[in-house]
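Chains as they are written, first to last, in this note's numbering: chain A, 5 to 322; chain B, 84 to 495.
Keep in mind that the hints are not guaranteed to be accurate.
Stated by the list, open to error - Simulated restraints, written as ranges between beta carbons of each label pair:
hint	chain 1	residue 1	chain 2	residue 2	range
1	B	G253	A	G156	20 to 30 Å
2	B	D112	A	E253	55 to 65 Å
3	A	E187	B	R372	45 to 55 Å
4	A	V293	B	R460	30 to 40 Å
5	B	E458	A	R176	40 to 50 Å
6	A	V293	B	P478	22 to 32 Å
7	A	R176	B	R372	31 to 41 Å
8	B	T401	A	V293	15 to 25 Å
9	B	T401	A	S73	56 to 66 Å
Simulated from the structure, these hints should not be mistaken for laboratory data.
Even for Gly, the Cβ is constructed at its ideal location relative to N, Cα and C.
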Amino acid sequence: MKNLKYTYLLILAVLVTMSCSDDFVDVKPLNENSEDYFNSEAEYQEALIGAYDLLQSTYLNVMLGEIASDNTKAGGESANDVPGIQQIDDMIHTPSNAQLRDIWGWMFAGVSRANYILEFKDKINFDDKENVLAQARFLRAYYYFELVKWFGDVPLVVDKRILFGEQFDVDRTPKALVYAQMEIDLLSAIDNLPAVQTETGRVTKGAAQALLGKVYLYQDKFIEAASVLGTLIETGPYDLVTDYDTLFENDNENNIESVFEVQYIDTEGAGFGCLQCSEGNVAVGFNGVRNYSVHFLNPVLVLISQHKKFMMLLKQMI
Amino acid sequence: MISDEAFLEDSSIVNFLKLRSSFGILGNDRIDEFKFVSTINGEGVYVFDDEIVVGSATGPIANPEIQWEEQRTFDIGLETRLLNNKINLTVDYFNRTTENLLLNVEASRILGNAAPGAGPPTVNAGTVRNKGLEFQIGYIENITDDLKFNVSYNFTTLDNEVLEVNNGIGYEVGGVFGIGQANRPSRMEVGQPIGVFYGLQTNGVFQSQAEVDAHPSQLALGANAQPGDLRFVDVNKDGVLNEEDRTFIGSPIPEVTMGLNLAVDYKNFDFQTYFFASIGNDIVRNYDRNDRITNKTIYALERWTGPGSTNTNPRVTTGATANGVFSDYFVEDGSFLRAQNMQLGYTFNEEKLNNIGLRNIRLYLSVSNVFTLTEYRGFDPTSSNGAPIGGGIDPGFYPNPRTFLLGTNVKF
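Bound conformation, chain A alone:
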């Protein structure tokens, strides 16, 4: 009896001394917390690929820009196919336009991913870091340039992601200030990017100079534009291709004339549910011949005949 009592006491004592901590309620998510990322060069490089990813969605910027012009008609399976595209062709679009909303959302997704890297720019050091950060700065400037061209004044947030809840407090920034930020980013990128990258498709010093030149041009800063574009022509490793006929052929991608080129691949497409997820160029699927594609972006006859004339002239000149 007495023994039993001691046994109970012993068990009690063990229980008391082993009183547990709160660790078991502090379960970690299966995926890495984004606040605890950027612990190695590899993680910076991977996040940078994520920031490049949205470049592929700019097929829509090119396509809609052309449709807005008188070079092309909207096309599609009928005059009602994708109302947002048809309305831009007819210049009767309203603020509720699914395609404009896509451009807005995709370019801001690019901004957000570039900002994510720059938010953690001081976390660790490694040899290639300045190159990585310069690429991120170029990408942020690229996406913001698109946003300003399409929407004018846009919310400008730098070196941090906008967290949920903060979106109501972010106002539109006058586009002059957004341009100023692009200039800062691109000047820094020019200083830190190599003239040639080891991998085709990564942005280079020349790409940053070319983009800065365009950013200047859009602000009518012609002297600055002439200066940076002049430097690019004189010092960049670029030249014109000898045969213009082959310039836009598949085999001539990333040729000596190409300063910056968005990279696509034909092995992985996407569904309508996530066109921005495609690694292939969605424009190819959208803008080709009917029954092979969705048949948007039909060139007008005048454009075709002018192009023929231009090619004839070019041949005579050579």
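Following the hints, put chain B in place on chain A, whose structure we already have.
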């Protein structure tokens, strides 16, 4: 337990009578985990050197303010059995208020939620109240030794209302209609049932150019109207038709649902059937396609062909029109009655079977989805993806098949 009271103890009519009531608060465990923390589970893929390179990115937008959803349910009911327990009857009133309803909702895309592998946040969207009446009655009778039957019928009324929306603008949006239409067809808005359809109201078809000219311009909807096009209502009376004229045009939530079970046994035959009905729910037809080479639905035969031909269906054209903009033209009454199942069986006499070493053989023919009575012009009035905001929209789901089953049960 009222039937235990002295005044009912010996009643030959009321065998059992019980008053019951309950109140409870429940959480919701059908939610994804870690919605409050931003994690590296997005898609970051690009191409370098003509090869796919896989990077990383953040996933759906995190909501650090996320809280439990709370369901407060109040229920009061009567349960009774009458006439030698032949009739059972249950009546319940319920009132369930869901606070901090958890939903994935649209959010400003400056958050980066349109990125590959990202997505909108899960938020505590607001408060929704469901109240209604549940009624169930059953009757069991053995008329003779050979004829028995058992019938039960139930109905539930449902009144759903959004009491509060937490996002500051007063409504959430959801659902998809058509291809590339920017405005979402469904809403969660205070004073309306959740998932209410929000679109343009129509008022017939323009019969002549004079009618078109007398009406506000519809150009802002996508094209100038022509005779044969839908005439939309200028709801806000500003002299122009645009998206500001959208209004509430239907609800995917039924007012009443009911079910009927019937079982009859006669000698060696047995028969069971189940009927189900849904009344007062609207459904959106969302599968009309406007290409030259695609099939048309049969109501294209009743299209507008000239003045006076019809005031219901617009002309059929591949030219530019605003007829495809989401409007009550696409909203139909989705009420239906469906014979869900019927089964007829025959059981062979045991004595004869015992001679050949079997205990029991039953042959039966079972038919499911026997027929559906509905005014809905689409394939299947039960088509819905079930989303709280965006449900009741029929993108041409493959309809339920009718199945015939001929079977035998054998017991050795």
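Here is what the structure says about each hint:
1. B:G253 x A:G156: 20 to 30 Å: holds, 27 Å
2. B:D112 x A:E253: 55 to 65 Å: holds, 58 Å
3. A:E187 x B:R372: 45 to 55 Å: This hint holds: roughly 48 Å between Cβ atoms.
4. A:V293 x B:R460: 30 to 40 Å: holds, 35 Å
5. B:E458 x A:R176: 40 to 50 Å: holds, 49 Å
6. A:V293 x B:P478: 22 to 32 Å: Given range 22 to 32 Å: holds, Cβ gap about 28 Å.
7. A:R176 x B:R372: 31 to 41 Å: Check passed, 39 Å falls within 31 to 41 Å.
8. B:T401 x A:V293: 15 to 25 Å: holds, 18 Å
9. B:T401 x A:S73: 56 to 66 Å: This hint is violated: roughly 24 Å between Cβ atoms.
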